Amino acid sequence: MRRCTLHFQLAGAAAAWFLLFPVQAQPPPPFDLAQLRTRSEAGDPAAQYQLGRAFLRGEGVPRNLPEAYRLLKSASEAGNADAKGAYGFMIAKGMTVPADEAAGLELIRQSAAAGVIPSKLNLGIMTLKGQGTAQDQVAGIKLITEAATLGNVDAQVRLAEVYHFGDDGVAKSPENAAIWAMKAADAGNAWAQNLSGTMKEYALGMPVDLPGALVFYRKAAEQGEAKAQSNLGRVLLTGLTGKRDAVQAYYWLKAAADQSEITARNLLGETLAGFTEDEIKQAKTLAEKSPPPMNTRQRAGSKANWLPHPTPE
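If you read the sequence shown in the numbering used here, its first letter stands for residue 992, the second for the next number, and so on.
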């Protein structure tokens, strides 16, 4: 498992390619699929990009990498800047074709130069890690910071992770990690909310703020973030921020344990005898009436898989 100290829990946030095209269950797409197909078949690069991106993400349509590649290639060759970034992503990653990081990087560089912010983020990550180009931490961080400053939440999360863990040769900086984690947390990112809660609880880059930590743990837990559910249950169990709430503690710890969160499982095993039968019964009744949220997003398996939200190492 990834580094974990002081008994707080953090999910892995980013892979070598961070957050250009997540793969997750999606609601119905905010576009007319039939119309988009018609426009795409007529050679509209913007429609080809949007449909290709949908196939790449599995957004509103079954995931189909060959079709995504075909559409994004066509739109990229027609000069669509967004498509260049996506097409370069597929080439560098080796999705459908053999991986070619240098060729993919060049397309991503062109896309970033045209102002596509996610491409600026991916260009920064490649530069930071030396993928398809010479490694340059300073230039990589600069590019990611530019994307983050422009409001890209994925870039904000990436900076928070890099500065918190000291990844890729970048010096740890709790203060910088706190700045970017809070920005992403305020934008609703569950991983950043859990990190912000951790930093508030343990005075990492910011003063101790136990009530504030509880707020952020709860926000992330309510989005299904298993690590935050574990942290929230632990805090409620110990009464760290006030009165102990065993019913809510069991509710959240069980939710995290059901998502295979190891700390919650261990904590439940160690403390189960401390819960009364009535407390457990109340928690189970609560779970039946109001099932705890589960994190249904698909996570990448390791840092070798350049899609977002990998499981911890």
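Don't read these hints as lab results, they were simulated from the structure.
All values derive from a computational prediction rather than experimental measurement.
Watch out, some of these pointers could steer you wrong.
[As the list claims (entries may be wrong)] Each pair of labels, with its calculated beta carbon distance range:
# : residue 1 : residue 2 : range
1 : P1089     : R1028     : 23 to 31 Å
2 : G1160     : K1234     : 39 to 47 Å
3 : K1280     : K1234     : 38 to 46 Å
Note that the Cβ used here is the ideal one computed from N, Cα and C, for glycine as well.
Hints that the structure is at odds with (numbers, increasing) | 3
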